[in-house]
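Assemble chain B onto chain A, guided by the hints.
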Amino acid sequence: MSDNRREQRSGSWLGLVLRDVQFWVPVAVLAAGLLVLRWIS
Amino acid sequence: MLCGLTAGAWLGAAEAPTKLVTLGLSPVVISLSMVIGVFLARWTLPALIQGTSYVAADMRQAPHLIVWAVLAGCLWAVANTLTIFAVRDVGLSIAFPLWNSNSLLGIFWGILFFQELRGADWRRWVGVLGGAALMFAGATALAIASAAQVPARDAVRGVAAALAAGVLWGTMYIPYRKAYLTGMSPLSFITFFTVGELGMMTALAVTYSGGVSPLWSQLSGARHVLFWLLAGGFVWVVGDLFQQYAVKYAGITRGIPLSNTNQLWGLLWGILVFGELRGASHSVLAQVIGGSLVMAVGAGVIALSSVSGSEHARWQKAAASEGERYGVDPEYTRSRIAGKDASSIVRGRTWIDWLVVSVATATIVGFALMARAPQLAVAWGWAAGLVMVTLGMLAAAGVRLWRATRFN
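If you read the protein sequences in the order shown, they are chains A and B. Each residue of the first sequence is one higher than the one before, counting from 1 in the working numbering. Each residue of the second sequence is one higher than the one before, counting from 1 in the working numbering.
Excised from the complex, chain A in its bound form (with noise of 0.2 angstroms):
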């Protein structure tokens, strides 16, 4: 990979993170996890 190339892709690194199916993972497990503790308080 070429360093401009790498150079735009830091620049745009929060839409990547977005773009990452494995970041939805822990995501949507934080989710539950809060609505478990919702349930049980």
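Don't take every hint at face value.
Lysine to any residue pairs mimicking SDA-like chemistry, simulated, CA-CA at most 20 angstroms apart [stated by the list, open to error]: (1) B/K317 x B/E331; (2) B/K340 x B/Q61; (3) B/K317 x A/Q22; (4) B/K340 x B/P330; (5) B/K317 x A/L35; (6) B/K317 x B/A296; (7) B/K340 x B/T52; (8) B/K317 x A/V21; (9) B/K340 x B/A57.
Because the hints were derived from the structure by calculation, they are not lab data.
Showing chain B alone in chain A's frame:
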């Protein structure tokens, strides 16, 4: 592997200061106070060991990991709060094995997302999975034997809370592995992890205490014991740091089960120092000894299942793909995974580091001056012995880690 075992000893020792606190505090206040200690330690240790300029340079290499670190901290805080409710509703004996299933889920994510155990021979598969299963069985026996006599209030909700905590903690290892495959130093990762941890814990504490004023009055009322909780949080961070290094260099599949030996150390502190299980029946003692042996055998089996060359090659492939996705410098990833300094990172301490250390030290000293001596019978001889063993493990693992990785 040594880091994983040292993590177990320190995470277990972290339970000791919390036992010194007299009952009567709200669980959420206890958890928040520990997290404040954790926050102080998570900023002080990186500042002391590598310097904040090193942490900042690390984050410039992979800024996306700030989001992952904060997310992992949020997962930890919600899981920890759920465990408090689980113990309240179903007792420790049922709750502990349920949330301890986090290592099994961590192994699953490691295999599914990060190529762990891929390319390993069948002996290593059997070693890791069999060892984890043995540790789970041993933990179950220990939890039943050391159960507090807490009456079950609401079984369904308690079981759901414990299982949810296990799922949250098990999933927290996804951000961990993500960071360490990229090559990030655990010292940098925890600095941002703790922002999510403290932020989420504060939000939960305010919500479940009924607002800021009630929470503040509870914290003010507990100021004489807050030092012990802060100390527990500080000790816990040392253990967690070794756990993070174990995950980085041995993977989730080895690092997490080994650090789960903390239950054995917690039990040693409880029995030897605080006189728990005194006068217990023979069957309870048999369960404790049997459970401990099974857990130790499980940890030994995992420790012997070291990462093979072909498995390492699969890890490097996963790391290269991760670096490609986020545009991380391949040289940085390669050198950091090998435990070497990246050429672009410079170590050095500035006035900011000394300011962080001074503020944290002043805070802890301030709470120590307010603290009252514990009103508990403590076997100081055993306490000194365990402290020496724990410090010995810290020294051995720290020196080996420094020689091999320079704490990268």
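For each hint, the structure was consulted:
With a C-alpha separation of about 14 angstroms, the suggested pairing of B/K317 with B/E331 holds against the 20 angstroms cut-off. Of the pairs offered as hints, the one joining B/K340 and B/Q61 holds, with about 15 angstroms between alpha carbons and a cut-off of 20 angstroms not exceeded. A C-alpha spacing of about 17 angstroms is found between B/K317 and A/Q22, which places the hinted pair at or below 20 angstroms, so the restraint holds. Annotation: proposed proximity of B/K340 to B/P330 holds, straight-line Cα distance about 13 angstroms (limit 20 angstroms).
Under the criterion of a C-alpha separation no larger than 20 angstroms, the hint pairing B/K317 with A/L35 is inconsistent with the structure, at around 37 angstroms. Among the hinted pairs, B/K317 with B/A296 is inconsistent with the structure: their alpha-carbon atoms are about 33 angstroms apart, more than 20 angstroms. At roughly 18 angstroms between alpha-carbon atoms, B/K340 and B/T52 fall within 20 angstroms of each other, so this suggested pair holds. Between B/K317 and A/V21, the direct Cα distance comes to roughly 18 angstroms. Compliance with the 20 angstroms bound is thereby established for this hinted pair.
Simply put, B/K340 and B/A57 have alpha-carbon atoms about 15 angstroms apart, close enough for the 20 angstroms limit, and the pair holds.
When held up to the earlier numbered hints, the structure conflicts with 5 and 6 and fits the remainder.
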